[in-house]
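Peer 1: What follows is each chain in one-letter form.
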Amino acid sequence: MFDNLLLGFQTALTPENVLFCFLGVLLGTIIGLLPGLGSTTGVALLLPLTLAMEPVTALIMLAGIYYGAQYGGTITSVLISSPGEAASISTTFDGYPMAKKGRAGAALAISAIGSFCAAIVSLGLLVAIAPPIARLAVQFGPVEMLAVVVLGFTTIVAFSGRRKLLGFTIAAVGIALAVVGLSTTSGAARYTFGTVELLSGIPLVEMMIGLFAVGEVLYQIRNGGALPIRARFKDMLLTKDELRRSVAPIARGSLLGFVFGTLPGAGTTLASFMAYATEKNVSKNRDQFGHGAIEGVAAPESANNSAANANFIPTLTLGIPGGATTAVLLGAFTLYGIQPGPLLFEQQPVLVWGLLASFFIGNVILLVLNLPLAPVFAQMLRIPYGYMYPMILVTCLVGAYSMTNTMFSVWIVVIFGVIGYVLKTLDFPLAPLVMGLVLGPLLEKSLAQTSALGEGSFGIILQHPIAVGILLFAVLVFAAGPLLRLLRTRVPALRRAAPPIPAPSPGSRPGDSASVSIRPRAVPPGARRAAKTPVSEKKK
Amino acid sequence: MMATTAVSQVMRNRETGELVAFALITAMGLFLVTTAGDYTIIREGGIVGGGFLPLLIGVVLTVLGSAQLVTAAIRVRALASDSAELDRRDAVRRQEAQTRDAFGRTARQRTRQFALVLAATVVAVATASLLGLLAALGLLSVFISAFVERRSWWASIVISVASVGLVWLIFVPLLGVPLPDGLIIDAIRGQ
Numbered sequence: 001m002f003d004n005l006l007l008g009f010q011t012a013l014t015p016e017n018v019l020f021c022f023l024g025v026l027l028g029t030i031i032g033l034l035p036g037l038g039s040t041t042g043v044a045l046l047l048p049l050t051l052a053m054e055p056v057t058a059l060i061m062l063a064g065i066y067y068g069a070q071y072g073g074t075i076t077s078v079l080i081s082s083p084g085e086a087a088s089i090s091t092t093f094d095g096y097p098m099a100k101k102g103r104a105g106a107a108l109a110i111s112a113i114g115s116f117c118a119a120i121v122s123l124g125l126l127v128a129i130a131p132p133i134a135r136l137a138v139q140f141g142p143v144e145m146l147a148v149v150v151l152g153f154t155t156i157v158a159f160s161g162r163r164k165l166l167g168f169t170i171a172a173v174g175i176a177l178a179v180v181g182l183s184t185t186s187g188a189a190r191y192t193f194g195t196v197e198l199l200s201g202i203p204l205v206e207m208m209i210g211l212f213a214v215g216e217v218l219y220q221i222r223n224g225g226a227l228p229i230r231a232r233f234k235d236m237l238l239t240k241d242e243l244r245r246s247v248a249p250i251a252r253g254s255l256l257g258f259v260f261g262t263l264p265g266a267g268t269t270l271a272s273f274m275a276y277a278t279e280k281n282v283s284k285n286r287d288q289f290g291h292g293a294i295e296g297v298a299a300p301e302s303a304n305n306s307a308a309n310a311n312f313i314p315t316l317t318l319g320i321p322g323g324a325t326t327a328v329l330l331g332a333f334t335l336y337g338i339q340p341g342p343l344l345f346e347q348q349p350v351l352v353w354g355l356l357a358s359f360f361i362g363n364v365i366l367l368v369l370n371l372p373l374a375p376v377f378a379q380m381l382r383i384p385y386g387y388m389y390p391m392i393l394v395t396c397l398v399g400a401y402s403m404t405n406t407m408f409s410v411w412i413v414v415i416f417g418v419i420g421y422v423l424k425t426l427d428f429p430l431a432p433l434v435m436g437l438v439l440g441p442l443l444e445k446s447l448a449q450t451s452a453l454g455e456g457s458f459g460i461i462l463q464h465p466i467a468v469g470i471l472l473f474a475v476l477v478f479a480a481g482p483l484l485r486l487l488r489t490r491v492p493a494l495r496r497a498a499p500p501i502p503a504p505s506p507g508s509r510p511g512d513s514a515s516v517s518i519r520p521r522a523v524p525p526g527a528r529r530a531a532k533t534p535v536s537e538k539k540k
Numbered sequence: 001m002m003a004t005t006a007v008s009q010v011m012r013n014r015e016t017g018e019l020v021a022f023a024l025i026t027a028m029g030l031f032l033v034t035t036a037g038d039y040t041i042i043r044e045g046g047i048v049g050g051g052f053l054p055l056l057i058g059v060v061l062t063v064l065g066s067a068q069l070v071t072a073a074i075r076v077r078a079l080a081s082d083s084a085e086l087d088r089r090d091a092v093r094r095q096e097a098q099t100r101d102a103f104g105r106t107a108r109q110r111t112r113q114f115a116l117v118l119a120a121t122v123v124a125v126a127t128a129s130l131l132g133l134l135a136a137l138g139l140l141s142v143f144i145s146a147f148v149e150r151r152s153w154w155a156s157i158v159i160s161v162a163s164v165g166l167v168w169l170i171f172v173p174l175l176g177v178p179l180p181d182g183l184i185i186d187a188i189r190g191q
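Line by line, the protein sequences are chains A and B.
Each step along the first sequence adds one to the number in this note's numbering, with nothing skipped, and position 118 is 118.
Each step along the second sequence adds one to the number in this note's numbering, with nothing skipped, and position 22 is 22.
Among the hints, erroneous ones may be present.
[Unchecked claim] If you only want the chain B side, here are some residues facing chain A, beta carbon under 10 Å, derived:
(1) Q68
(2) V70
(3) A73
(4) L131
(5) F143
(6) S163
(7) P180
Because the hints were derived from the structure by calculation, they are not lab data.
For glycine and all other residues, C-beta sits at the position ideal for the given N, C-alpha and C.
Produce the entire structure from the sequences given, and follow the hints as far as they go.
Peer 2: Spelled out as structure tokens, the structure:
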């Protein structure tokens with residue numbers, strides 16, 4: 001492992017890779033804090049720009065955008081109570097009240113420190129755990145892969161908040177879209193309606209750009225924005241008491257985030273909500289939660305960063321995305337001609353270990369950038385959205401064209417932009433749709449191979465203990481929530497000890513791992529009063 | 001009359017949007033179920049064929065979509081007869097219509113902007129093969145700046161030229177993407 005890490009650092013520390021890592025982190029931070037752009041959107045939007053790069057450099061930059069955007073989203077959560085990512089929703093519960101009390105800088109600083117610590121802890125765990133999982137996964141046949149795909153879908157559905165049925169339905173719509181094109185089992189052209197471009201299926205990256213970037217632009221235009229609270233350099237200083245109070249929440253958040261992040265399809269949202277709920281339950285200052293408790297910022301921020309790293313475990317070792325952004329990254333791997341999965345660690349050690357080592361370098365850059373410069377980045381929130389969205393639209397459409405050099409890709413972006421807007425407006429989750437589209441072909445392939453192995457019978461699954469174990473775990477994941485709720489209603493002691501589920505923020509549902517990019521529909525209470533500098537936007 | 005008003009109020013609500021969405025999902029499921037047979041469902045030896053997944057997902061979508069369609073319909077129906085809830089929603093809607101966002105726009109203005117941007121984007125993409133992609137998107141940017149955001153013509157043109165120029169710089173010289181010039185430019189070149 002030490003040799004591999006050394007190889008990774010040798011790869012990641014080349015001037016070119018450090019430069020693109022820096023660029024990725026910087027762009028990611030800016031993308032994360034701009035209205036309408038989150039990590040999934042950012043990665044999808046900038047993916048076309050990386051096509052001419054070396055795969056390892058491109059992936060280092062895209063990964064930098066991923067975790068950079070996580071932090072950028074935190075800035076908007078704290079300053080305008082407007083999470084750029086679903087994973088930052090829980091940060092708004094105490095981050096925004098802290099900002100209203102004049103502690104915006106402290107909230108941003110502890111987010112940066114917590115995120116850094118979590119990233120380092122989770123990176124250590126990732127480096128230790130991913131290779132053994134990859135070695136185990138090498139033994140996976142179609143039966144085991146079928147079980148893993150089922151686990152992925154179960155996780156998405158189980159953590160779709162109160163609307164599990166809806167999560168399942170949207171995932172099924174994603175699979176339905178995935179059957180378009182040449183069948184992976186028979187090679188027959190399905191549902192292409194004579195369109196040659198559809199033979200290779202609905203293109204994933206174009207669909208992502210449409211759903212997340214164009215859909216969000218339309219949603220923002222329709223629903224309006226909020227004014228930011230100002231953060232100053234001197235406010236970035238944490239008091240000793242704030243630092244002391246944050247140590248344990250950061251540690252708990254990091255570990256909890258890692259555990260939830262390793263589940264295929266779980267994303268980072270679930271981790272941040274669980275960390276917030278746990279902290280609210282165990283903290284000595286629980287009465288301050290919702291009114292600006294620093295623990296309420298430190299824990300979820302650590303958890304979502306930890307989960308972001310852990311998401312790479314199923315992505316790299318099994319080829320099953322950990323969440324929506326890693327699903328786009330999975331698409332990037334395919335575009336570069338690399339097949340993620342168990343053999344990736346053996347066949348592409350330079351790429352894998354270079355990427356993992358770049359996480360460390362990227363997080364150091366992120367900390368160095370964000371501790372002193374968060375107030376500078378925060379000024380970008382003051383750019384009127386009216387100036388930004390035409391540029392975002394133009395970039396999306398040209399970027400989509402560059403994927404295949406055909407207008408077909410541009411139309412896919414427009415169509416899925418409208419679908420994305422409708423889904424956001426109806427508060428339907430987007431992540432299950434993406435996961436359905438990504439996992440659909442894998443599901444079909446493993447179904448066909450399993451049926452061939454079993455000579456037409458799926459009973460063969462029972463002869464594969466690993467597959468049975470994974471399926472039992474899937475059942476446990478699905479049943480754990482309802483079982484706990486049932487126990488709480490029956491056992492009074494458990495009811496008292498149960499962690500309270502945080503109140504949903506506008507436009508979201510608790511535990512909704514699917515709503516990837518969520519913004520409030522109106523100016524949050526007090527935002528207008530608290531904003532000291534009016535935005536110089538022409539009044540209509 | 002009252003019933004009509006109540007229904008029209010409900011029609012504007014999210015429940016109706018859900019109703020339409022679930023109806024479309026159910027229709028999608030039925031379409032898959034009825035067409036899956038065009039591809040082999042089970043091949044020789046009991047192996048899953050190209051029609052198996054469409055059939056399976058079609059059944060799932062039909063069952064789940066119709067179940068949620070019925071639930072949404074019951075909710076809409078219940079809402080239509082709940083005058084207190086309708087009054088509350090109406091009050092919220094009136095308040096929302098009055099409320100301006102951070103940039104001083106009312107809900108009606110935002111709806112108009114949304115419709116204009118969406119329509120202009122579709123027109124720009126549709127005319128790209130004629131005008132060229134960058135020219136069409138440049139005009140889209142000018143339109144949004146001048147008509148939707150109501151900036152001066154000069155500002156709109158400067159902003160659009162700058163943003164399209166930046167995009168051109170990245171995609172054409174740097175990445176070597178052959179963006180379409182459009183039929184007009186091609187025709188001029190041909191002459």
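Peer 1: Find the hints from earlier in the document that the structure breaks and name them by number, from lowest to highest.
Peer 2: Result: hints 2, 3 and 4 break, sorted rising.
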